[in-house]
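Colleague: If you're matching positions, the first sequence starts at 1 in my numbering and goes up one per residue.
Since the hints were derived computationally from the structure, they do not count as laboratory data.
We put the beta carbon where it would ideally sit given N, CA and C, even for glycine.
Treat the hints with caution; some may be incorrect.
Pairs of lysine to any residue, SDA-like flavour, derived with a Cα cap of 20 Å [stated by the list, open to error]:
1. K38 / I184
2. K87 / P101
3. K54 / K38
4. K38 / E199
5. K433 / T444
6. K296 / E392
7. K348 / R366
8. K326 / T418
9. K456 / G466
10. K452 / G434
11. K404 / E392
12. K428 / E446
13. K325 / F419
14. K255 / K336
15. K180 / K259
16. K325 / K255
17. K456 / R468
18. K54 / R216
19. K420 / K452
20. K452 / G466
21. K296 / R216
22. K433 / K22
23. K452 / R468
What follows is a set of in silico ranges between Cβ atoms, one per label pair, in the way DEER data are often shown [stated by the list, open to error]:
24. T342 / E432: 30 to 36 Å
25. E432 / G471: 19 to 25 Å
26. D264 / T418: 42 to 48 Å
27. N370 / Q14: 41 to 47 Å
28. T59 / Q313: 50 to 56 Å
29. D412 / A350: 45 to 51 Å
30. T418 / N371: 54 to 60 Å
31. Q137 / E117: 29 to 35 Å
32. T341 / M438: 52 to 58 Å
33. D253 / E117: 47 to 53 Å
34. N214 / S73: 38 to 44 Å
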Amino acid sequence: MAKELTSREDNYSQWYNDLVTKADLAENSAVRGCMVIKPYGYGIWERMQQALDKMFKDTGHENAYFPLFIPKSFFSKEASHVEGFAKECAVVTHYRLKNDPNGKGIVVDEDAKLEEELIVRPTSETIIWDTYRNWIQSYRDLPLLINQWANVVRWEMRTRLFLRTAEFLWQEGHTAHATKDEAIAEAEQMLRVYAEFAEEWMAVPVLRGVKSPNERFAGAIETYCIEALMQDGKALQAGTSHFLGQNFAKAFDVKFLNKENKLDFVWATSWGVSTRLMGALIMSHSDDNGLVVPPKLAPVQVVIVPIYKNDEQYERISERANEIKKALENKGIRVKYDGRTTQKPGYKFAEWELKGVPLRLAIGPRDLENNTVEVARRDTLEKESLLQQNLEQKVANLLEQIQKNLYQKALDFRNENTFKVDNWSDFKDRIEKGGFVMAHWDGTSETEQKIKEETKATIRLIPIEGYREEGNCIYSGKPSVQRVYFARAY
RNA sequence: CGGGGCAUAGCGUAGUCCGGUUAGCGCGCCUGCUUUGGGAGCAGGAGGUCGCAGGUUCGAAUCCUGCUGCCCCGACCA
1 MAKELTSRED
11 NYSQWYNDLV
21 TKADLAENSA
31 VRGCMVIKPY
41 GYGIWERMQQ
51 ALDKMFKDTG
61 HENAYFPLFI
71 PKSFFSKEAS
81 HVEGFAKECA
91 VVTHYRLKND
101 PNGKGIVVDE
111 DAKLEEELIV
121 RPTSETIIWD
131 TYRNWIQSYR
141 DLPLLINQWA
151 NVVRWEMRTR
161 LFLRTAEFLW
171 QEGHTAHATK
181 DEAIAEAEQM
191 LRVYAEFAEE
201 WMAVPVLRGV
211 KSPNERFAGA
221 IETYCIEALM
231 QDGKALQAGT
241 SHFLGQNFAK
251 AFDVKFLNKE
261 NKLDFVWATS
271 WGVSTRLMGA
281 LIMSHSDDNG
291 LVVPPKLAPV
301 QVVIVPIYKN
311 DEQYERISER
321 ANEIKKALEN
331 KGIRVKYDGR
341 TTQKPGYKFA
351 EWELKGVPLR
361 LAIGPRDLEN
371 NTVEVARRDT
381 LEKESLLQQN
391 LEQKVANLLE
401 QIQKNLYQKA
411 LDFRNENTFK
421 VDNWSDFKDR
431 IEKGGFVMAH
441 WDGTSETEQK
451 IKEETKATIR
461 LIPIEGYREE
471 GNCIYSGKPS
481 VQRVYFARAY
């Protein structure tokens with residue numbers, strides 16, 4: 001295993017890449033822009049899936065699965081939707097290969113051309129709404145609350161592990177409602193679910209709000225979002241929830257009879273989070289020693305490392321370690337006993353630190369003597385010696401503390417890096433240094449565009465609730481009713 | 001898709017300008033001994049169609065032509 005991690009200060013994006021590969025989360029594959037998610041990384045993703053899936057079910061949703069391929073014609077039915085995705089679609093044009101007549105391997109069989117090309121889904125609104133048409137006739141069929149776990153493909157120009165890959169894993173919820181208010185309530189509810197997940201499970205504090213028209217999802221009336229701040233001062237969109245109005249219902253002719261026996265188009269939402277959350281997790285908590293995983297999502301919450309000088313000691317320590325492991329597991333804690341005899345303790349310490357395991361227990365001859373165990377916290381890197389009595393409770397408490405501490409640290413960081421700015425030169429200066437900048441904006445796309453061109457900063461979100469404040473646009477000087485959050489983003 | 005760069009062992013690289021024996025080094029890997037409370041030491045060993053296809057030459061990692069792939073910077077994006 002390669003040892004040294006590039007430091008964040010030396011080269012932040014190199015640090016990120018090193019970390020993802022060295023902590024065994026993922027690696028680049030033979031296919032450009034597509035990654036291989038390794039077992040350890042996938043283990044974290046599975047934890048995320050489980051927690052989210054439960055939250056979706058608790059809010060009344062069911063899982064289903066729709067096809068990977070979408071007929072090309074479906075895409076042209078919702079105008080702004082095509083426009084948003086057309087430039088990054090993978091297209092299936094043929095269904096057969098044959099041996100090259102010139103003997104150069106295998107080639108596409110031109111005779112096997114599809115009548116209608118198939119698009120590899122970049123998102124599933126179109127195929128799902130085409131299906132919903134047959135599922136919905138009456139208000140009694142509503143609401144329809146469905147989620148799917150899937151992979152999607154967006155042919156991105158430049159990719160980065162987890163943050164932007166050509167293929168990524170996600171969930172997409174697609175709901176249909178009888179009224180506008182109900183659909184809006186659904187979109188807002190799912191945003192709350194995402195925010196709660198980010199904060200309570202990932203320990204990543206997020207801002208909630210809506211996107212400006214420029215940044216809105218293709219085909220949406222309103223896009224709600226959560227935004228997190230990464231350690232390098234750039235913002236990351238961590239989840240979105242869209243109120244789609246009747247756009248897709250009209251495009252796919254999904255009508256229902258309401259209680260008054262009148263035909264109406266249904267109201268829609270869609271919402272999703274992706275493996276990008278892995279990127280948010282990594283960049284929120286990790287340090288120059290490697291990954292830091294919040295206990296609630298850690299595949300391994302506690303690792304036990306034995307320290308010994310001979311076989312006899314190894315046997316005795318292993319026995320004790322396995323007893324402790326069992327006791328912890330009985331309390332629902334995920335424990336790994338690293339009894340490898342092929343690596344030295346120092347090596348194991350470094351390796352588990354790199355992988356971000358929240359707590360490490362070391363047991364050596366001294367601990368056997370004294371009935372103690374050395375406990376090391378990944379978040380603070382502090383070590384202390386604890387008596388083995390009632391260790392389960394102490395460990396459980398520590399895990400809880402670590403979870404809270406990670407959230408608090410990330411929150412403090414965000415607060416320290418959120419600034420109110422009231423004039424253009426301060427704005428440019430502040431954006432250059434990173435962080436969220438709260439500033440007045442005149443509400444026009446033109447201004448937003450100009451600001452983006454001149455500073456690379458975008459409006460990350462417009463707060464939904466909270467205080468209103470009169471002011472003047474940072475760029476145009478025109479009147480504004482509230483501050484919005486600007487940042488450079490991933 | 002524009003601009004720049006790179007391609008040599010699993011990874012990172014030297015050698016390429018100026019052609020010349022068995023292509024060198026570090027990490028990792030294998031074997032043995034000594035080690036084990038923060039990434040061990042010593043000794044021995046395995047591993048290479050030098051991205052691909054042509055060409056020049058007595059001789060090509062090195063020179064020429066064509067191709068392919070990747071990386072970085074822009075425009076695009078969850």
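Colleague: Would you mind marking each hint as holding or not holding in the structure?
Modeller: Here's how the hints hold up against the structure:
{"no.": "1", "hint": "K38 / I184", "in the structure": "38 Å, violated"}
{"no.": "2", "hint": "K87 / P101", "in the structure": "34 Å, violated"}
{"no.": "3", "hint": "K54 / K38", "in the structure": "24 Å, violated"}
{"no.": "4", "hint": "K38 / E199", "in the structure": "25 Å, violated"}
{"no.": "5", "hint": "K433 / T444", "in the structure": "25 Å, violated"}
{"no.": "6", "hint": "K296 / E392", "in the structure": "16 Å, holds"}
{"no.": "7", "hint": "K348 / R366", "in the structure": "19 Å, holds"}
{"no.": "8", "hint": "K326 / T418", "in the structure": "45 Å, violated"}
{"no.": "9", "hint": "K456 / G466", "in the structure": "27 Å, violated"}
{"no.": "10", "hint": "K452 / G434", "in the structure": "14 Å, holds"}
{"no.": "11", "hint": "K404 / E392", "in the structure": "19 Å, holds"}
{"no.": "12", "hint": "K428 / E446", "in the structure": "18 Å, holds"}
{"no.": "13", "hint": "K325 / F419", "in the structure": "47 Å, violated"}
{"no.": "14", "hint": "K255 / K336", "in the structure": "54 Å, violated"}
{"no.": "15", "hint": "K180 / K259", "in the structure": "15 Å, holds"}
{"no.": "16", "hint": "K325 / K255", "in the structure": "58 Å, violated"}
{"no.": "17", "hint": "K456 / R468", "in the structure": "26 Å, violated"}
{"no.": "18", "hint": "K54 / R216", "in the structure": "28 Å, violated"}
{"no.": "19", "hint": "K420 / K452", "in the structure": "18 Å, holds"}
{"no.": "20", "hint": "K452 / G466", "in the structure": "25 Å, violated"}
{"no.": "21", "hint": "K296 / R216", "in the structure": "32 Å, violated"}
{"no.": "22", "hint": "K433 / K22", "in the structure": "29 Å, violated"}
{"no.": "23", "hint": "K452 / R468", "in the structure": "24 Å, violated"}
{"no.": "24", "hint": "T342 / E432: 30 to 36 Å", "in the structure": "49 Å, violated"}
{"no.": "25", "hint": "E432 / G471: 19 to 25 Å", "in the structure": "22 Å, holds"}
{"no.": "26", "hint": "D264 / T418: 42 to 48 Å", "in the structure": "43 Å, holds"}
{"no.": "27", "hint": "N370 / Q14: 41 to 47 Å", "in the structure": "43 Å, holds"}
{"no.": "28", "hint": "T59 / Q313: 50 to 56 Å", "in the structure": "53 Å, holds"}
{"no.": "29", "hint": "D412 / A350: 45 to 51 Å", "in the structure": "28 Å, violated"}
{"no.": "30", "hint": "T418 / N371: 54 to 60 Å", "in the structure": "48 Å, violated"}
{"no.": "31", "hint": "Q137 / E117: 29 to 35 Å", "in the structure": "31 Å, holds"}
{"no.": "32", "hint": "T341 / M438: 52 to 58 Å", "in the structure": "56 Å, holds"}
{"no.": "33", "hint": "D253 / E117: 47 to 53 Å", "in the structure": "23 Å, violated"}
{"no.": "34", "hint": "N214 / S73: 38 to 44 Å", "in the structure": "28 Å, violated"}
Comparing the model with each numbered hint stated earlier shows that hints 1, 2, 3, 4, 5, 8, 9, 13, 14, 16, 17, 18, 20, 21, 22, 23, 24, 29, 30, 33 and 34 do not hold.
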